[in-house]
Every structure is written in C-alpha cells, then in structure tokens.
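A.B. asks: Residue strings, one per chain:
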Amino acid sequence: MASPRLFSTCHQPPFLPPSPQRFVKSPAKRRPIRSALQFNRKPQLAGETPRIVVITSGKGGVGKTTTTANVGLSLARYGFSVVAIDADIGLRNLDLLLGLENRVNYTVVEVLNGDCRLDQALVRDKRWSNFELLCISKPRSKLPIGFGGKALEWLVEALKSRPEGSPDFIIIDCPAGIDAGFITAITPANEAVLVTTPDITALRDADRVIGLLECDGIRDIKMVVNRVRTDMIRGEDMMSVLDVQEMLGLSLLGVIPEDSEVIRSTNRGFPLVLNKPPTLAGLAFEQAAWRLVEQDSMKAVVVEEEPKKRGFFSFFGG
Amino acid sequence: MASIDSLQFYSLCNLQSSIGRTKLQIPSSLVVFRRRHRNLKWVQVETNQKFVCKSIADDSSTPDEETQNDDNEEDNDVATTQSITASDSESSISRFRSMITTIAHDSESSILKLRSMVTTLPPVIFVMKKSSGNSVWIGISIVATVLLASLRAYAIRKSRDNRPPGSVSDLVRRGQLRSGDRRGISKSLNYEDPFNNPFVKLGKGSSTVEMCGKVYKLAPVTLTEKEQSIHQKRRSRAYQWKRPTVFLKEGDTVPPDVDPDTVRWIPANHPFATTVSDIDQDLAQNNVYQKQGVPFRIRAEHEAMQKKLEALQNEEKLNNLGIDSQNARDFQRPYKFSGKLEEDDDVQENHTGNSSSEETQKS
Chain F
1 MASPRLFSTC HQPPFLPPSP QRFVKSPAKR RPIRSALQFN RKPQLAGETP RIVVITSGKG
61 GVGKTTTTAN VGLSLARYGF SVVAIDADIG LRNLDLLLGL ENRVNYTVVE VLNGDCRLDQ
121 ALVRDKRWSN FELLCISKPR SKLPIGFGGK ALEWLVEALK SRPEGSPDFI IIDCPAGIDA
181 GFITAITPAN EAVLVTTPDI TALRDADRVI GLLECDGIRD IKMVVNRVRT DMIRGEDMMS
241 VLDVQEMLGL SLLGVIPEDS EVIRSTNRGF PLVLNKPPTL AGLAFEQAAW RLVEQDSMKA
301 VVVEEEPKKR GFFSFFGG
Chain U
1 MASIDSLQFY SLCNLQSSIG RTKLQIPSSL VVFRRRHRNL KWVQVETNQK FVCKSIADDS
61 STPDEETQND DNEEDNDVAT TQSITASDSE SSISRFRSMI TTIAHDSESS ILKLRSMVTT
121 LPPVIFVMKK SSGNSVWIGI SIVATVLLAS LRAYAIRKSR DNRPPGSVSD LVRRGQLRSG
181 DRRGISKSLN YEDPFNNPFV KLGKGSSTVE MCGKVYKLAP VTLTEKEQSI HQKRRSRAYQ
241 WKRPTVFLKE GDTVPPDVDP DTVRWIPANH PFATTVSDID QDLAQNNVYQ KQGVPFRIRA
301 EHEAMQKKLE ALQNEEKLNN LGIDSQNARD FQRPYKFSGK LEEDDDVQEN HTGNSSSEET
361 QKS
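Here the protein sequences line up with chains F and U, keeping their order.
The letter at position 122 of the first sequence is residue 122 when you use full-length UniProt numbering, and the numbering goes up by one with no holes.
The letter at position 54 of the second sequence is residue 54 when you use full-length UniProt numbering, and the numbering goes up by one with no holes.
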C-alpha cells in the first residue's frame with residue numbers, strides 16, 4: 001500500500017541511482033547485502049563509510065546503552081555490518097543487553113597489552129553474524145587517562161583495514177558524564193546521537209554535552225527522546241517532544257515511548273527489536289535506525305494518544 | 001334550573017361507577033337541587049310522586065338511596081314549589097310521565113352507547129393479544145440484544161481489569177504476541193518498512209497513526225534552520241572547551257609550546273595516574289594493528305618460558321654428566337625376571353640415552 005512519508009522526507013524509490021553524496025564501496029570489497037526482513041526496499045546508506053556514531057547523553061540512565069543495542073541490531077538486520085564498542089571503562093553493560101556477557105573473553109585493554117589480537121576481542125553475535133561487539137575494558141582493568149582516545153582511533157583504523165572489509169557502522173556507547181570516558185568515546189566520532197528524556201535535568205546535561213561536542217568539531221548531532229509518555233504529556237505533567245526540540249534545537253532522529261518491554265528485554269538479554277511481533281518501542285528504534293542510515297530526521301511527532309474510533313457493531317464486541 | 005353544583009355532584013357520583021359512563025341528561029326543569037350545608041345531596045322535589053331517578057346500576061350508593069335517606073332527615077332549607085291546581089296537576093302529571101319515559105329512553109340509549117364504547121375501546125392487553133405476534137417478538141429480540149451487548153461489554157471490562165498486565169493473554173489482546181507463535185504455526189511477518197506495515201497504519205490525512213493497536217495524534221515538527229543556528233551560537237558562547245592533549249601529574253611543569261587550555265592535570269591519587277608509564281604507545285599501536293600470528297605478550301611469554309626450560313635442561317645435563325652410565329649398571333639391582341626382559345631393558349636404556357642426546361643437540 002502507498003506510504004505517505006510523514007515521518008521522513010528522504011524517501012526514494014529503490015531503483016534510483018545513488019546520489020553523489022553517498023559513498024560507493026570499491027567493487028573488490030563489496031559484499032552481497034542480504035536482509036533477513038522482507039522489505040520492499042532497503043534503506044539507502046548515506047555518507048562515507050565507516051560511519052562512526054557516538055551515542056551520548058551526559059546524564060546517566062536515560063537509555064544510551066539500550067539505544068546502542070537496539071539501533072545497532074536494527075542496522076545489522078537491514079544488512080549492514082556493524083561494530084558496537086562499549087566505551088565505558090569500568091562499568092560494562094552493553095554485553096548484558098545483547099546477551100553476550102558469557103562470550104566476552106578479551107577486551108581492548110588485552111589488545112593493547114598484546115594478550116590477543118583485535119579479531120579475537122571482537123564478539124560476533126550468533127543471531128546476526130554481521131554484528132560484532134567490542135568492549136573497552138573489564139571492570140578491574142585500567143586504561144591510562146590520556147591514552148583512551150588514541151586507542152580508540154587506532155581501533156577504528158584497524159577496523160577499516162581488516163581483511164574482511166571495513167564495517168558500515170561503528171557505534172560507540174559513551175559513558176555518562178563529561179569526564180575522561182566521554183572524551184575518550186567522542187575522539188574518533190564523526191556524528192553523534194544524543195539520547196535524552198523529557199525532564200529538565202536530562203535537558204540541561206544534554207545541552208552541555210551538545211556544546212562540548214560542537215567544540216570538539218562534531219556538527220552532525222541528532223536527538224532521540226526516550227521514555228515518552230503521551231498520557232503525561234496530555235496532562236501537562238511532562239514536556240512534549242516539540243518542547244524538548246525547542247529547548248535544545250536539534251533535529252529528531254527518533255521518539256521512543258515508555259515501554260515495559262524494555263525492562264524485560266534488558267533482563268533477558270534479548271533486544272527489543274528482535275521481538276517477533278514488534279513492540280511500540282521496538283518499532284520506534286527500527287524507524288530511528290532507518291533514519292540514521294539515510295541521514296534523515298523526523299518531520300512529525302507523536303503528540304498524544306487518541307481514543308480508537310469504533311464502528312457501530314463494535315458495541316456488540318466486534 | 002339545575003345549578004352547577006348539582007351537575008358536579010352528579011358527575012362525582014358517576015365516577016364511582018365503571019369506565020365510560022356518561023352523564024345522564026336530566027332536564028333541569030324537573031328537579032330542583034339544593035345545596036345542603038354539608039354535602040350535596042339529592043333533594044326530592046316535593047310533588048305528589050316521588051321522583052326517582054335511576055342512574056347506571058352499580059354497587060355504589062345510588063342517588064335514589066340517598067334521597068330516600070334524606071327523607072328522614074330534617075330539612076332546613078327546602079324550597080317549596082308553588083301550589084298547583086288539580087287540572088293543572090293532571091296535565092303536568094301527563095307531561096311529567098312523558099318526560100320520564102323520554103328520560104328512561106335516553107338513559108337506556110346512553111347505556112347502550114356506553115356499552116358500545118366499551119366494546120369498541122378494548123384495553124391494551126386485549127389489543128396485544130388480538131394483534132399479530134410479530135411485533136412482540138421484534139420487541140423482545142431488541143431488548144434481548146441490548147441486554148446481551150451490555151452484559152458482554154461489562155464482562156469484557158471486568159476481565160480487562162482482572163487480567164494481570166504483561167501476561168500472555170494481555171500480550172495477545174494488545175497485539176504484541178500472536179497466538180500462532182506459541183504453537184509454532186505462525187507465518188513470518190512481511191512488512192514493507194518500519195513506517196508502513198500491519199503494525200503501523202497512517203490515518204486519513206496523515207494526522208493520526210496507529211501503532212501496535214494504539215492511535216496517536218501527530219503534529220509537525222516546527223524547528224527551522226534559523227532556530228538551529230541560533231541554538232548553536234548560544235552554545236558556542238556558553239561552552240568554551242578544548243580537548244586535552246597533554247596530561248601532566250601534579251607538580252609537573254607545563255611545556256612552553258603547549259596551550260594551557262589543553263593541559264589536563266591528573267591528581268596523584270587518581271586511579272589512572274599510576275598506569276601512565278606502564279604501556280609503550282608504539283608497542284600498543286602495533287598490537288592493535290596486528291592481524292595475524294600470536295599476540296605480542298603471549299609470544300613474549302612463550303619465548304620466556306622456552307628460555308627458562310632450556311636453561312633448566314642445561315642445568316640437568318650438567319648434573320647428569322657426573323654419573324657414568326656403565327658404573328650406573330653396577331649399582332642396578334639384578335632382575336628377577338627372564339633374560340628377554342633384560343634385553344628389553346637394555347634396548348629401552350639405549351633409547352632413552354639417544355633421546356636425551358637428541359634433545360641436547362636440538363636445544
């Protein structure tokens with residue numbers, strides 16, 4: 001059925017020639033792209049590969065790791081090769097959300113020390129073979145304070161030049177705060193996704209983080225508003241997404257509604273986007289991943305929930 | 001002339017009888033009614049003959065009974081008629097008699113009329129019984145349908161309240177779980193894209209969207225590029241930050257060609273301060289870029305272990321040189337078994353001697 005593009009404006013039919021802005025891989029390294037989901041079309045990759053995206057927020061607990069896991073797996077389902085890096089030195093969580101905690105044997109610290117090679121530290125997801133996880137460190141290991149940024153740059157260069165080819169996306173899960181971990185994580189990034197919740201504490205921290213990112217030279221910053229409750233917005237107990245956008249002045253990548261499935265998926269180690277009938281939040285993450293691929297942003301947002309209109313016969317249980 | 005009161009009294013009397021009674025039309029010239037002090041009652045006209053007016057026969061007290069009762073009572077205000085002469089009386093009597101007959105006829109006709117009215121206006125129950133049963137059944141079915149629908153809605157509402165959130169039945173109701181998935185008979189979902197699939201339906205006019213069974217209202221984004229640039233300028237003024245490139249411990253001097261804004265001071269008690277000089281950066285970089293072979297540290301450990309083993313073996317050789325192999329045989333105990341075993345032992349000894357010499361040669 002026809003799909004009026006209310007959510008995105010960068011919709012093109014699949015058979016148009018690629019625009020000059022899009023990066024075309026060298027024929028020798030191009031791999032056949034297979035998508036497990038039966039789409040009528042695939043999202044068209046925009047920008048130069050590898051696209052290095054840092055997911056940050058400033059405030060802790062707003063959903064960075066959840067966004068990293070779900071967006072990363074969505075990208076893998078679309079057929080792109082993804083490497084997710086958990087840049088939290090000391091508090092590692094991304095492996096838990098992905099259900100790969102028992103398979104992390106080596107981290108970047110071991111690679112730097114020479115205990116293993118980089119490909120031995122990459123954990124390949126058995127569900128999606130084009131998704132790999134790389135953790136910076138184990139909880140008890142240390143990384144020199146001025147050394148992390150360089151290490152990440154070396155890592156990205158090594159990933160670009162590996163024999164199986166450069167990944168399409170390198171997604172870095174940034175730790176909370178604006179300290180050494182934040183500086184380390186944003187070092188190799190070209191673009192950023194800012195995750196925030198519609199409350200004033202998160203917004204103030206987010207504004208500061210945006211300022212630091214812009215000072216560091218990262219201009220392509222998009223926003224994901226997480227844990228949105230339309231009932232509270234309607235009752236004016238929560239800021240609307242448009243209010244948040246007005247305060248921060250960033251284009252929207254996605255709006256994720258509050259969903260209890262997030263907690264279940266976290267505890268089970270099974271990301272939301274893999275649920276067979278997709279949940280509301282899972283669909284929102286998929287849409288955000290689609291827009292990330294096409295470098296698009298939202299043009300309309302969900303404001304409030306409306307009562308579903310029922311027909312005459314619905315009174316009789318229809 | 002009959003007064004209004006009398007007519008009203010008569011109507012009151014008639015109300016006591018059955019439905020559909022009509023008033024008797026009595027010529028007013030015949031009877032004169034007088035109001036009593038207490039109640040309205042018939043007053044008998046004082047004539048030679050008592051006037052008896054029969055109304056509709058019923059069980060209630062009839063006016064004639066009341067008039068008979070009134071005869072015994074004392075009358076204070078009784079009107080008297082004028083005296084009538086004998087001749088006049090006969091004519092009047094005849095006239096009176098004719099009038100009575102007409103009254104009787106009238107009453108009979110009125111009775112008949114009343115009866116006809118009763119027969120022509122049957123009560124509702126009689127109408128329902130007499131008419132066809134279709135309309136009755138239609139009414140009953142409508143009432144039953146409305147009752148059923150209300151009961152069903154009530155039951156559904158109650159079951160929703162009682163159903164625990166997150167249960168399998170709740171997930172199936174919300175459309176987040178298909179019953180076929182649990183039985184392994186569901187087909188794979190085919191959706192065009194995350195924006196337009198069975199779980200995402202755009203409303204008419206694109207003002208609403210239905211996602212996972214819930215309908216949401218949409219509003220367009222109002223942020224313009226001008227507003228974005230205003231925010232960027234505001235932040236560039238508010239936040240001045242430079243990436244730290246030089247990390248110094250407390251007490252170290254700042255190099256002359258280094259921007260002080262890029263210096264990061266590490267406190268002495270910082271957990272990462274102790275690891276600054278542990279890792280050689282060039283070595284680390286080489287470790288990261290290594291794609292094949294044994295990792296550096298493992299190779300180094302392996303080499304170190306091999307060296308140690310060789311050193312140990314060299315020490316053993318030195319120790320073993322002090323013992324003569326032939327002399328060692330003299331000290332061996334005699335074998336209790338057959339000679340074949342002795343030969344085997346000799347062969348084994350030769351083999352062990354050869355292997356040790358080979359090892360020493362290899363190392």
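Fair warning: there could be bad hints in the mix.
Below 30 Å or equal to it, Euclidean Cα-Cα: the simulated DSSO-like pairs (lysine-lysine) are [to be verified]:
| hint | chain 1 | residue 1 | chain 2 | residue 2 |
| --- | --- | --- | --- | --- |
| 1 | U | K249 | F | K59 |
| 2 | F | K160 | U | K291 |
| 3 | F | K299 | U | K291 |
| 4 | F | K276 | U | K214 |
Residues of chain F placed beyond 10 Å of chain U at every Cβ, according to the derived structure [stated by the list, open to error]:
| hint | residue |
| --- | --- |
| 5 | L112 |
| 6 | G114 |
| 7 | R117 |
| 8 | K138 |
| 9 | S161 |
| 10 | G165 |
| 11 | I200 |
| 12 | I210 |
| 13 | G211 |
| 14 | D237 |
| 15 | L242 |
| 16 | L250 |
| 17 | L280 |
| 18 | P307 |
Source of the hints: derived by calculation from the structure; they are not laboratory data.
As the structure is a computational prediction, the values presented were derived from the model and not from experiment.
Glycine included, each C-beta is placed from N, C-alpha and C at the ideal position.
A.B. asks: So, for every hint listed, does it hold in this structure?
C.D. replies: Do the hints match the structure? See the list:
Between K249/U and K59/F, the direct Cα distance comes to roughly 28 Å. Compliance with the 30 Å bound is thereby established for this hinted pair. Taking the CA atoms of K160/F and K291/U, the gap is near 12 Å; set against the 30 Å cutoff, the hint holds. Pair hint K299/F plus K291/U does not hold up; C-alpha atoms about 45 Å apart against a cutoff of 30 Å. Distance restraint check for K276/F and K214/U: the Cα-Cα separation of roughly 18 Å lies within the 30 Å cut-off, and the hinted pair is therefore satisfied.
Under the 10 Å C-beta cut-off, the non-interface status given to L112/F relative to chain U is violated; the minimum distance is some 4 Å. A beta-carbon of chain U is positioned within 10 Å of the beta-carbon of G114/F; the least distance is around 3 Å. At roughly 5 Å from the closest C-beta of chain U, the C-beta of R117/F falls inside 10 Å, breaking its exclusion from the interface. For K138/F, the shortest C-beta to C-beta distance to chain U comes to about 14 Å, beyond the 10 Å cut-off, and the non-interface label holds.
In this structure S161/F is not separated from chain U by more than 10 Å, as the shortest Cβ-Cβ distance comes to only about 8 Å. G165/F, annotated as away from the interface, keeps every beta carbon of chain U farther than 10 Å; the closest lies near 13 Å. Every CB of chain U is more than 10 Å from the CB of I200/F (nearest about 17 Å), matching its label as outside the interface. Distance check on I210/F: its Cβ comes as close as 6 Å (rounded) to a Cβ of chain U, failing to clear the 10 Å threshold; non-interface status is violated.
Distance check on G211/F: its Cβ comes as close as 3 Å (rounded) to a Cβ of chain U, failing to clear the 10 Å threshold; non-interface status is violated. With a closest Cβ-Cβ approach of about 18 Å to chain U, D237/F is found to remain outside the 10 Å limit, as its non-interface label requires. Annotated as non-interface, L242/F brings its C-beta within 10 Å of a C-beta of chain U; the closest such distance is 6 Å. Remark: the non-interface label on L250/F conflicts with the geometry, its nearest Cβ contact in chain U lying 7 Å away (cut-off 10 Å).
The non-interface label for L280/F is inconsistent with chain U: the shortest C-beta to C-beta separation is roughly 5 Å, within 10 Å. With 10 Å as the threshold on Cβ separation, the claim that P307/F sits away from chain U is violated: the shortest Cβ distance comes to roughly 7 Å.
Violated hints, in rising order: 3, 5, 6, 7, 9, 12, 13, 15, 16, 17 and 18; the structure is consistent with all others.
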